[in-house]
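There are 2 protein chains.
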Amino acid sequence: MAETEAAAPLPPPPSPFYSSVSSRLASLILRIIAFILLLISLIVLGTNTMEINQSKLRFQDIYAYRYMLSTIVIGTAYSLLQLALSIQNVVSGQDGILLLNFFGDKLISYLLASGTGAGFAITVDTKRLTDADPVFELIDIREFYDKAYASASLLLLAFCTTAMLSIISSYTLPKRV
Amino acid sequence: MAETEAAAPLPPPPSPFYSSVSSRLASLILRIIAFILLLISLIVLGTNTMEINQSKLRFQDIYAYRYMLSTIVIGTAYSLLQLALSIQNVVSGQDGILLLNFFGDKLISYLLASGTGAGFAITVDTKRLTDADPVFELIDIREFYDKAYASASLLLLAFCTTAMLSIISSYTLPKRV
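Those protein sequence lines, which keep their order, are chains F and L. In this text, residue positions in the first sequence follow our numbering: the first is 53, and each later residue adds one. In this text, residue positions in the second sequence follow our numbering: the first is 53, and each later residue adds one.
No wet-lab data here; the hints were simulated from the structure. Just so it is clear, CB atoms sit at the ideal spot from N, CA and C, and this is done for glycine as well.
Derived list of chain F stretches under chain L, where covered just means 3 residues or more per stretch with a C-beta under 8 Å from a C-beta of chain L: (1) 111-117; (2) 155-165; (3) 175-188; (4) 213-224.
Whole structure, please, built from the sequences with the hints as guidance.
Laid out in structure tokens, this is it:
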């Protein structure tokens, strides 16, 4: 097998369906971190409610936060699934489904990137308005946006972790092209 | 070299520093599309100005659009650079710097994903307000957000193209792990 490949001018590369133990362990640790960050971000944003003159301001009232929460929920579910698979892989010493890791990590990291962008976009511009206007000191709307800001920051960290995971899963990808 | 690797229990895979002609051509076409989409998106957002009662509303007044424009500018510059390198690679039949492609495409696609998220986040929620309020029929602010929406849609398409490029460059990545 190896000899025939070495003889061919442009041989299809052998597909090494394995990754080293260290990369599996690194993946496991990063997946734990991503899951924890996403879970806290989910709780902070999901419980973000504020009363203004008998009516409530909730994160659902702003479409950007709805989208942000959707990405967090999908990210958390995916992290939990991958965490279970990672633990199994580290214990058994086997590789998981490398193609699932590659496309899963890529898709989820893009989702989290867009969710982070959406979260910060709506928060930063609205905070500028509410922080500048003294009216909002009384009705305490600032706390609502501070919490959203905290949630977006956690989501940003979770995105960075998932982007690192995506780099690792790209390196362990069996070659096709 | 090939024999010693075949004998080892967990050998480092050989690094095939090449990609097929078809993948190079596909990359070139995708890079042309990405560049055109980003350029139109840049023009649409960059020229988005509106007069309201002697004062001007420009995209710079909204931080989310500033961020969005930054990602578009960086994306356009990167696309142009990669386009030049791609043409050179197709003509010479050689591969470019695969590691630059991999990390470049990854970084730029994340940037465009967050820019798309930011653009849509601020546009969708503001459009809901301005479309519902009859006051804005007179001062024509809706056109401003319609243009921003168009720019964000083009950016979304450009992001999709860059994400595809990132998948291709992951497959042509020399393995390390």
